[in-house]
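All chains should be modelled from the sequences, with the hints used to inform the complete structure.
Each chain, written out:
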Amino acid sequence: MGAEFWTTPLSEQEWSAISLSLKVSLWAIVAGLPVAVFFAWLLAYKEFWGKSLVNGIVHLPLVLPPVVCGYLLLITMGNNGIIGKFLNETFGLNFVFSWRGAALAAAVMAFPLMVRAIRLSFESVDRKLAAAASTLGASPLRAFVTITLPLISPGIIAGLILAYARSLGEFGATITFVSNIPGETRTLPIAIYTYTQMPNGDLPAARLVIVAVVLAMVALVGSEMLTRRLSKVLHG
Amino acid sequence: MAKPSLDISVRRKIGSLDLELDFSASTGGLTAVFGRSGSGKTTLINMLAGLLKPDAGRISLYGKVVFDSDAGIDLPPDRRNIGYVFQEGRLFPHMKVKTNLLYGVKGGLRSEQKIVLDEVVELLGIGKLLDRRPHHLSGGEKQRVAIGRALLMNPDLLIMDEPLAALDDMRKHEILPFIERVRDEIVTPIVYVTHSVAEIHRLASSVIVMREGRLLASGSVAEVERYLSLSERMQEMQREQKSA
Numbered sequence: 106m107g108a109e110f111w112t113t114p115l116s117e118q119e120w121s122a123i124s125l126s127l128k129v130s131l132w133a134i135v136a137g138l139p140v141a142v143f144f145a146w147l148l149a150y151k152e153f154w155g156k157s158l159v160n161g162i163v164h165l166p167l168v169l170p171p172v173v174c175g176y177l178l179l180i181t182m183g184n185n186g187i188i189g190k191f192l193n194e195t196f197g198l199n200f201v202f203s204w205r206g207a208a209l210a211a212a213v214m215a216f217p218l219m220v221r222a223i224r225l226s227f228e229s230v231d232r233k234l235a236a237a238a239s240t241l242g243a244s245p246l247r248a249f250v251t252i253t254l255p256l257i258s259p260g261i262i263a264g265l266i267l268a269y270a271r272s273l274g275e276f277g278a279t280i281t282f283v284s285n286i287p288g289e290t291r292t293l294p295i296a297i298y299t300y301t302q303m304p305n306g307d308l309p310a311a312r313l314v315i316v317a318v319v320l321a322m323v324a325l326v327g328s329e330m331l332t333r334r335l336s337k338v339l340h341g
Numbered sequence: 142m143a144k145p146s147l148d149i150s151v152r153r154k155i156g157s158l159d160l161e162l163d164f165s166a167s168t169g170g171l172t173a174v175f176g177r178s179g180s181g182k183t184t185l186i187n188m189l190a191g192l193l194k195p196d197a198g199r200i201s202l203y204g205k206v207v208f209d210s211d212a213g214i215d216l217p218p219d220r221r222n223i224g225y226v227f228q229e230g231r232l233f234p235h236m237k238v239k240t241n242l243l244y245g246v247k248g249g250l251r252s253e254q255k256i257v258l259d260e261v262v263e264l265l266g267i268g269k270l271l272d273r274r275p276h277h278l279s280g281g282e283k284q285r286v287a288i289g290r291a292l293l294m295n296p297d298l299l300i301m302d303e304p305l306a307a308l309d310d311m312r313k314h315e316i317l318p319f320i321e322r323v324r325d326e327i328v329t330p331i332v333y334v335t336h337s338v339a340e341i342h343r344l345a346s347s348v349i350v351m352r353e354g355r356l357l358a359s360g361s362v363a364e365v366e367r368y369l370s371l372s373e374r375m376q377e378m379q380r381e382q383k384s385a
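Those sequence lines, one after another, are chains A and B. Anchor point for the first sequence: position 190 equals 295 in our numbering, and the numbering is continuous, going up by one each time. Anchor point for the second sequence: position 153 equals 294 in our numbering, and the numbering is continuous, going up by one each time.
The set of hints was computed from the structure by calculation and includes no laboratory data. Every value quoted in this text rests on a predicted model; they were computed, and no experiment measured them. Heads up, a few of these hints could be off.
As the list claims (entries may be wrong) - List of simulated lysine-lysine pairs, BS3-like, C-alpha gap at most 30 Å:
hint, chain 1, residue 1, chain 2, residue 2
1, A, Lys233, B, Lys205
2, A, Lys151, B, Lys194
3, A, Lys233, B, Lys247
4, B, Lys239, A, Lys337
In structure tokens form, the structure reads like this:
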């Protein structure tokens, strides 16, 4: 690779893939978080009939081929799918061929990782502290928000970072569900793949690979720093 | 004798313990709950505080029914207004001592309540600790903060579950005077769980003796001692416990 690799600025398409990926991943983890906290809480603290089934479904995206997940999303969340049709007709919410669909696919694929990290920290929190809060007059909700939630925050950060990294890398489910539309669903990995299939695509592909590595590193280092600060706040 | 303030009639099976209690007691001053480990002391106070649900029965405190299985009443802990000092303190690790102390204060600092922060801080000698984190406190300091936190919620009843058990002898002697001050200067009645005869003699005005999930005796310390020649029995039980 010559000097042009370093000197040519990123093209508009390359920028668009990067910013789209960041937007999609951010929405995927932000929208997925409350749901993940709920399921982590459910699986960590509650005993109920059908728990192993729920546990299995939560973990399914981890073991299924991503293309299968994309296909399942297409038939359930597509405009003729059971849920997709309802959302489209009731709220005008459309996922197909849209960045929203890419975010949904990323959220689904990252979901098990997020749940696992948060569930672990639920399980390691001393539940006697919440009981102590209840004797001090705290409702279950207040005890959860003021005691349990701060104490599991390192697990939430870890879950968010894992899920963010997984979302950035999401390829199979996304391309199956929402295809490869520049500026709308062509995320970083899909753009890299597309460039490798094009004549003269080597240069942009290699540059986007470097961007992907940098984004992943920033996430890792950031989470490390955040976790260290949090543990100082939490444990003095 | 004063009018009974605690009416309890409950059954609860938990592990190998088959607890069955039916008694009334007046809980002015400091009432000790005495018995060896496994006699059901902690089970009893957890049912009072609402942390453990009896299988059946009825509990009323100062005429307020907090549990009645027939009537379907089971007030959650946060609506019983019972302060609880746990054996291990259970301070919230992510909050400063002052935030811990104020956690149970209803309506924030400006509320008009009988027991206020300055008084508690002075009473327990914890003024210098307010800006520290629980992590940096000694065992004795943690327990003093835990007592203060429970007092500041202005409870109708203060439960202390072997608050000295996790401390060495020196720390125990450091805390005992503070518990005496709480007993003498705050009107809140105290239920104090212990298996130490020395603590009963030093702190308690009345005592409830439990054995294998049943009530063995209750009344003033002197009455109960006469009735059961308790002192002897207590020491015997303590010896057994030590050898166990």
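A quick look at each hint next to the structure:
1. A:Lys233 x B:Lys205: Measuring from Cα to Cα gives roughly 26 Å; hence the hint holds.
2. A:Lys151 x B:Lys194: holds, 17 Å
3. A:Lys233 x B:Lys247: holds, 21 Å
4. B:Lys239 x A:Lys337: holds, 18 Å
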